[in-house]
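The residues making up each chain are set out below.
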Amino acid sequence: MNDISTCLGKITLKSPILNASGTFGTEYFNFLEQEVQGAYVTKTITLKPKEGNPSPRLYETEAGLLNAIGLQNPGLKSFLNEDLFELRDCLRIPLIVSFSGATEDEFIRVMEGLELHSGIYGYEINISCPNVEREGIAFGTDPDVVFKLVEKLAKLTERELIVKLSPNVTDIALIAQAAEAGGATSISLINTLYGMAIDWETGKSRL
Amino acid sequence: MQYKILPVEKIEKIRTNYIQLTIKEEEWASQCSPGNFFQIKAVIDSQNRRLFKPISIYKVEENYISFLIKVIGEGTRALASLKSGDKLKIYGPLGNSFPLVQDSNILLVSGGTGYPPLAYLKSKLDSSNNILFLDGGASKDDIFPCDYAYTIDGSFGIQGMVTKDIAEFVKKKSFDCVYSCGPISMLKTLAQIVNPIPHYVSMEAYMACGLGVCYGCVIPTKEGYKRVCYDGPIFEAETILWAEL
Ligand SMILES: Cc1cc2nc3c(=O)[nH]c(=O)nc-3n(C[C@H](O)[C@H](O)[C@H](O)COP(=O)(O)OP(=O)(O)OC[C@H]3O[C@@H](n4cnc5c(N)ncnc54)[C@H](O)[C@@H]3O)c2cc1C
Ligand SMILES: Cc1cc2nc3c(=O)[nH]c(=O)nc-3n(C[C@H](O)[C@H](O)[C@H](O)COP(=O)(O)O)c2cc1C
Ligand code: FES
Chain A
0 MNDISTCLGK ITLKSPILNA SGTFGTEYFN FLEQEVQGAY VTKTITLKPK
50 EGNPSPRLYE TEAGLLNAIG LQNPGLKSFL NEDLFELRDC LRIPLIVSFS
100 GATEDEFIRV MEGLELHSGI YGYEINISCP NVEREGIAFG TDPDVVFKLV
150 EKLAKLTERE LIVKLSPNVT DIALIAQAAE AGGATSISLI NTLYGMAIDW
200 ETGKSRL
Chain B
0 MQYKILPVEK IEKIRTNYIQ LTIKEEEWAS QCSPGNFFQI KAVIDSQNRR
50 LFKPISIYKV EENYISFLIK VIGEGTRALA SLKSGDKLKI YGPLGNSFPL
100 VQDSNILLVS GGTGYPPLAY LKSKLDSSNN ILFLDGGASK DDIFPCDYAY
150 TIDGSFGIQG MVTKDIAEFV KKKSFDCVYS CGPISMLKTL AQIVNPIPHY
200 VSMEAYMACG LGVCYGCVIP TKEGYKRVCY DGPIFEAETI LWAEL
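Protein chains in written order, with numbering that gives the first Met the number 0: chain A, 0 to 206; chain B, 0 to 244.
Just so you know, these hints were derived from the structure itself, not from any lab.
Just so it is clear, CB atoms sit at the ideal spot from N, CA and C, and this is done for glycine as well.
Among these hints, one or two may not hold up.
With a cut-off of at most 35 angstroms between alpha-carbon atoms, the simulated DSBU-like pairs for lysine-lysine come out as follows [claimed, not checked]:
#1 B:Lys58 / B:Lys86
#2 B:Lys225 / A:Lys76
#3 A:Lys47 / B:Lys187
#4 A:Lys49 / A:Lys151
#5 B:Lys172 / B:Lys69
#6 A:Lys203 / B:Lys88
#7 B:Lys3 / A:Lys13
#8 B:Lys172 / B:Lys123
#9 B:Lys23 / B:Lys123
#10 B:Lys187 / B:Lys12
#11 A:Lys49 / B:Lys225
#12 B:Lys163 / A:Lys49
#13 B:Lys23 / A:Lys203
#14 A:Lys13 / B:Lys170
#15 A:Lys203 / A:Lys76
#16 A:Lys203 / B:Lys3
#17 B:Lys163 / A:Lys203
#18 A:Lys49 / B:Lys187
#19 B:Lys9 / A:Lys76
#20 B:Lys40 / A:Lys49
#21 A:Lys203 / B:Lys221
#22 A:Lys13 / B:Lys23
#23 A:Lys203 / B:Lys139
#24 B:Lys163 / A:Lys47
#25 B:Lys69 / A:Lys203
#26 B:Lys170 / A:Lys203
From the structure, some residues in chain A lie toward chain B, with a derived Cβ separation under 8 angstroms [said to hold, decoys possible]:
#27 Phe30
#28 Gly51
#29 Ser54
#30 Tyr58
#31 Ile68
#32 Gln71
Modelling step: build the complete structure from the supplied sequences, incorporating the hints.
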């Protein structure tokens, strides 16, 4: 087999392919060899369990799939007590944990919790979620907010620190530079694009 | 559960808007239970960027698995355009299955695309049971073999909704168990009428992965949002928060 190994920030991956967070689970290893991927990225977790958005959450359009999942997840505690063990057992490729928060403090507490555990190669920081301390405007839309958040997180870890950027901004390069200045060792492009589909019969949004 | 690319063994057009599609797969045929479904997609250029579609098992005969599919939109239209020998991408069997009872008085109620899983269930319920099967649809084109048929336009069987006479049947027959599949409005009404008889519903939801991974297909239950593809599609009716649907 050809050598397709590559570097992602601090870590070397045997393959340059990673899955998009939230769209992929270990169930898919029934279909394909794990080693096709360089690493496995979890669905985003948060400090507290999150119930997610009401249904429907998906709508298929000509332009792609709209989703409004709302980060449904069992929370950090359940992730550490259950999923992490299962993932460590199952995976032969590096594990990257995706996480998010509604406040800076929540991001920090999740990272502190994860830092106590082995078997994690890196983090993907999902900053496309609303910042409740700033009227719900997504973290990932303001370079200053991103810089401060990433700077605090970078101080807590030696592991690979990927910042996943939101495409729903005027100039994504500014956000990327802020993440790098804060201490991100790589960036992930891109999170979900905003979109809307309207049911022409009712005039209402499909999601 | 496995992923395969298989040829269509046989495909038949049924009336104006249904197809019966059959594949040959020995291993799967022995693994199927009533209520299970497969994720299916036609191998056609227009479908490359489209989702797989969840389709219940309709019949299993020896090594053959059949699906009864109503043409609704892009995905099902592409399936209907296939000819025998054309290829399908398919994975499954997926989801949980109906519990099978014995020595019971059973009511089966289907509406719309809800008929196939109940027809398969009926074939698996043994002869110790007494079964009444009601099927409903918009018109005669939507009705399949059953004991009593209901059509909204009155073009076949009894005019009205399939739930129309159920309160009376319940009084007369003292059912031990109800199984249903169909549009949410039908299931909701039915759940109210047959309560507190044990009632298992097969839910439909828009799906992406079909594997429990994306959390795209949830319904509200007493224990929070549950994934139709993974925690279901069969649920006990009393666990569902119908008012939120
Ligand atoms: C577990 C399960 C088993 C199923 N079994 C069968 C079966 O045996 N036979 C059969 O004919 N159909 C079955 N269905 C329904 C079938 O999956 C849909 O009709 C199909 O996905 C439509 O796809 P499409 O691309 O043709 O239409 P789309 O373009 O996706 O949709 C057309 C319209 O139908 C609505 N719609 C699409 N899918 C659903 C859905 N799942 N629930 C509610 N509304 C929807 C959309 O909102 C849209 O307005 C099943 C669904 C589930 C969840
Ligand atoms: C069903 C679904 C669930 C997703 N869940 C997450 C998630 O938990 N965390 C995250 O960072 N991104 C999530 N995403 C975004 C994807 O990871 C990806 O960034 C996005 O879909 C853009 O890539 P694409 O254009 O290839 O779809 C989700 C996307 C979908 C469709
Ligand atoms: S369709 Fe993805 S979780 Fe059910």
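Now the hints, each set against the structure:
1. B:Lys58 / B:Lys86: Given that 35 angstroms is the threshold and the Cα spacing comes to 20 angstroms, the pair holds.
2. B:Lys225 / A:Lys76: holds, 20 angstroms
3. A:Lys47 / B:Lys187: holds, 32 angstroms
4. A:Lys49 / A:Lys151: Distance of about 24 angstroms is within 35 angstroms: holds.
5. B:Lys172 / B:Lys69: Holds. Lys172 of chain B to Lys69 of chain B sits at ~32 angstroms (cutoff 35 angstroms).
6. A:Lys203 / B:Lys88: Satisfied, since the Cα-Cα distance of roughly 33 angstroms is no more than 35 angstroms.
7. B:Lys3 / A:Lys13: holds, 27 angstroms
8. B:Lys172 / B:Lys123: holds, 22 angstroms
9. B:Lys23 / B:Lys123: Given pair Lys23 of chain B, Lys123 of chain B holds - Cα atoms ~20 angstroms apart, limit 35 angstroms.
10. B:Lys187 / B:Lys12: holds, 31 angstroms
11. A:Lys49 / B:Lys225: Within the cut-off at roughly 13 angstroms; holds.
12. B:Lys163 / A:Lys49: Violated: Lys163 of chain B and Lys49 of chain A sit about 40 angstroms apart, past 35 angstroms.
13. B:Lys23 / A:Lys203: violated, 43 angstroms
14. A:Lys13 / B:Lys170: violated, 67 angstroms
15. A:Lys203 / A:Lys76: Between Lys203 of chain A and Lys76 of chain A the Cα gap is close to 38 angstroms, so the pair fails against 35 angstroms, i.e. violated.
16. A:Lys203 / B:Lys3: violated, 38 angstroms
17. B:Lys163 / A:Lys203: holds, 30 angstroms
18. A:Lys49 / B:Lys187: holds, 27 angstroms
19. B:Lys9 / A:Lys76: violated, 50 angstroms
20. B:Lys40 / A:Lys49: holds, 32 angstroms
21. A:Lys203 / B:Lys221: Given that 35 angstroms is the threshold and the Cα spacing comes to 28 angstroms, the pair holds.
22. A:Lys13 / B:Lys23: violated, 38 angstroms
23. A:Lys203 / B:Lys139: Within the cut-off at roughly 31 angstroms; holds.
24. B:Lys163 / A:Lys47: violated, 45 angstroms
25. B:Lys69 / A:Lys203: It holds: about 25 angstroms lies between the C-alpha atoms, which stays within 35 angstroms.
26. B:Lys170 / A:Lys203: Roughly 41 angstroms separates the two Cα atoms, so the pair is violated.
27. Phe30: At 4 angstroms from the nearest chain B Cβ, Phe30 of chain A passes the 8 angstroms test, so the hint holds.
28. Gly51: holds, 6 angstroms
29. Ser54: holds, 5 angstroms
30. Tyr58: Hint holds; Tyr58 of chain A Cβ to chain B Cβ min 7 angstroms, cut 8 angstroms.
31. Ile68: holds, 5 angstroms
32. Gln71: Since the shortest Cβ distance to chain B is 5 angstroms, the answer is holds.
Of the numbered hints stated above, those contradicted by the structure are hints 12, 13, 14, 15, 16, 19, 22, 24, 26, listed in ascending order.
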